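Participant: Next come the chains, spelled out residue by residue.
Protein chains: 2
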Amino acid sequence: MKPLNPKPSTDLSKDFHAVWHPCTQMKDHETVPPLLIERGEGVYLYDRDGNQYLDVISSWWVNLFGHNHPRLNSALKAQLDKVAHVMFAGITHQPAIDLATRLVELSPDNLKKVFFSDNGSTAVEVAVKMSLQYWRQTGHRNKTKFAYLKGGYHGETLGALSLCGIEMFRDNFEEVLLSNLEVEGPDCYRCPYGLKPDTCQAECFEPMQKTLKEHRDSLAGVIIEPLVQGAAGMKMYPPVYLKKLESACQRQNVHTIYDEIAVGFGRTGSLFVCGECELSPTFLCLSKGITSGYLPLAATLMEDEIYSAFYDDFATMKLFIHSHSYSANPLACAVANESLAMLTENDFLDTLKPKIQALEAGGKRLVELKWVGDFRQTGMIAAVELVKDKGTKEAFPFEDRVGYKIYQEGLKRGVLMRPLGNVIYFVPPLVISIAEIKMMMDTASECIRAVLD
Amino acid sequence: MKPLNPKPSTDLSKDFHAVWHPCTQMKDHETVPPLLIERGEGVYLYDRDGNQYLDVISSWWVNLFGHNHPRLNSALKAQLDKVAHVMFAGITHQPAIDLATRLVELSPDNLKKVFFSDNGSTAVEVAVKMSLQYWRQTGHRNKTKFAYLKGGYHGETLGALSLCGIEMFRDNFEEVLLSNLEVEGPDCYRCPYGLKPDTCQAECFEPMQKTLKEHRDSLAGVIIEPLVQGAAGMKMYPPVYLKKLESACQRQNVHTIYDEIAVGFGRTGSLFVCGECELSPTFLCLSKGITSGYLPLAATLMEDEIYSAFYDDFATMKLFIHSHSYSANPLACAVANESLAMLTENDFLDTLKPKIQALEAGGKRLVELKWVGDFRQTGMIAAVELVKDKGTKEAFPFEDRVGYKIYQEGLKRGVLMRPLGNVIYFVPPLVISIAEIKMMMDTASECIRAVLD
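Sequence lines, in order, name chains A and B. If you read the first sequence in the working numbering, its first letter stands for residue 3, the second for the next number, and so on. If you read the second sequence in the working numbering, its first letter stands for residue 3, the second for the next number, and so on.
Because the hints were derived from the structure by calculation, they are not lab data. Fair warning: there could be bad hints in the mix.
Unchecked claim - Cut-off 27 Å, straight-line C-alpha distance, at most; resulting in silico cross-link-like pairs (BS3-like, lysine-lysine):
(1) B:LYS147 x B:LYS215
(2) A:LYS16 x B:LYS212
(3) B:LYS215 x A:LYS29
To be verified - A partial selection of chain A residues facing chain B, derived with a Cβ cut-off under 7 Å:
(4) HIS23
(5) GLY42
(6) HIS95
(7) GLU176
(8) LEU180
(9) HIS326
None of the values given here were measured: they were computed from a predicted structure. Positions of the beta carbon are idealized from the N, C-alpha and C atoms, including for glycine.
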């Protein structure tokens, strides 16, 4: 193996020799080694040399209450002293009962049951498999396809990847992906109808309308990231699109699968988008923030109509045969319960309002930069899109790696970003202070200028 | 919703109202509610009323050192006080470096790198996706299929399920599963060649031989559970099959994917089957016992030949684009490191030898029962197969739910089994005592007689 450069510490060499990091061209580590993070405290991470980094993206959008939170740590330790894990078939436990009960209470009224798994991909696979089996068991065996939006991202196991509308993720696996239907969706920054999100009527719903009508007999469901398409570059669109989707799906007898894995648990300023927008998806997929960034856990919620179609005498074999060994891990559930308590007590979500305003104010400053074509925001999620030319909205070519260069500038300044191509985004822990929001956005501005000016 | 019966505690009602348990016909809970487990200690679980249950199946084959182990608890708490989790792209941490380094050291020499994910399904999906992308990037775009054994089980996300050779898991999803090749494999209890595992030459390898030869141009890899097909009913076969597979795959230029998710980490009496049998799979998938049953974590190891085909300048886009938010979770890695230390120090695996003998002695007693057609054992994994008639080996019909009835008898006697159809199996935590092994198997005998005599 090639040596690390510049001179690595022994542990970084070991990393380079034994670890294959996710979504990483490992050759990049020849010149830019990974940060060796030793501890976290609030919104900051610290490397072995004591350097401090503001965790601008909440460690892949998972952390809500900061690192090393005393209440979350205590909840985990208390459960650990009872039992770390038990099988979840034939057995139940208080942390899972409490979490499921609370999730049902806090989500839209039509969602009645919770099926636990380990990550976003499995939460989506569970919804997809339940939808398929539901149609099969109710006499609609032809309903085997799903519609998804261009730019949509729902995980990377092959079933979930078959619902992904981003070429970069799919390209190497096209031969084996399931045959689903990709549909042109909203693109508010480059709206082909020339409309603005705050006044439009989701005219861009037309392709989905057409797909639903034409393929109703073969469509099992539509999957969607409500309001924010994360991996696509934090592309945002207004709720009116979701309202149209819901009524069209009801009309055409097609399930709606809400993937709130990234946006759930307060990111948008409300607990769940579906609740805030008074929508009733057939399935709701949750993960990431569910344990406030502590442990892997996922949940798929569904309507009673779905559950009932599987509820029968054993001999009918209508049960849902799907399991993961660590389903409903008690440690993860215990942390999730404490995090959910913190999210819902003392009007916590109201405390986000001034922070949301601070993000907006920062965005207004950023958008003045020559290279910032768009600033967009949904609650505590904000992003700027960098362009070569504000007038034409021409993108920087992929090979320029503009985002990657800005990431490196950020590290020098103690701010850990992870741009998506030309999109610099801000998904900080919800407990970030207004001063830290200002610092974060001012530093981003500096980094953009350092790379592009 | 229908009421629970007999009178449930309030928490069991809540469970019934909000939780959908994995691999469970929820209607069964009307008459047999789940155990409400409150704590664990060593090989025992305790319900709310203080009833004790011997965890015969290690909570779905995950637990190695018993519940609530002081060393594992301490390791977890020590890491928790530093940081629970950080993103694993652009960042690394000591627990992951140590774990990857140690896994590479302890596995066969040809395995050089570790890719982390969350569960067995994702460990398999990662191997499958890497294999596909490898062939694509090395000029073999037609190699897009995998061969798997009848009876094989490799997880339940749709990609992993497409490698599953058990109808019950596949049936409801056939329309969307990928097109792979199912191959007749070993069936030692009902050997069609009339041979015995300890003297045969894996004559049953012939169908695989034929498949590899005929489909070499379209085959990316073969996936296999070495020595023990778990979900199929702990079906066991001798190493000679694996030796033949390895040389045939090398000859036909096809990857071997070893799924040691269930058998790894000491279950067979050795750390990994591939190491013990001096085999060199292209990929090795690990999960379950990796954290000794504490937390979800998985690892996929692979040859340098695979890694190198992805290692290039970023612009070539040869990188492996796959990630899960909680990849290489530091808490899970810290527990895994401590568990691996315990497995490899003080000749721990040698301490299993008398236990393995005790299992064998118990099996000899069980096989005397009228209904026990077969006793089989590989190290610390043992199973008996119940039959209507020992001579004809005729199986009990599925609808009789013989296993389920025996499970209920076990609960009455403080022993938690979870039969696979007509197969009663024993996969206890490795720290079980010889006296407990005897009690476990005597109780199983009692339960079998209570149901069938």
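Participant: Now tell me, hint by hint, if it's right for this structure.
Facilitator: Taking the hints in turn, this is what the structure says about them:
no.: 1; hint: B:LYS147 x B:LYS215; in the structure: holds, 14 Å
no.: 2; hint: A:LYS16 x B:LYS212; in the structure: violated, 42 Å
no.: 3; hint: B:LYS215 x A:LYS29; in the structure: violated, 36 Å
no.: 4; hint: HIS23; in the structure: holds, 6 Å
no.: 5; hint: GLY42; in the structure: holds, 4 Å
no.: 6; hint: HIS95; in the structure: holds, 5 Å
no.: 7; hint: GLU176; in the structure: violated, 10 Å
no.: 8; hint: LEU180; in the structure: holds, 5 Å
no.: 9; hint: HIS326; in the structure: holds, 5 Å
In summary, the numbered hints that this structure violates are 2, 3 and 7.
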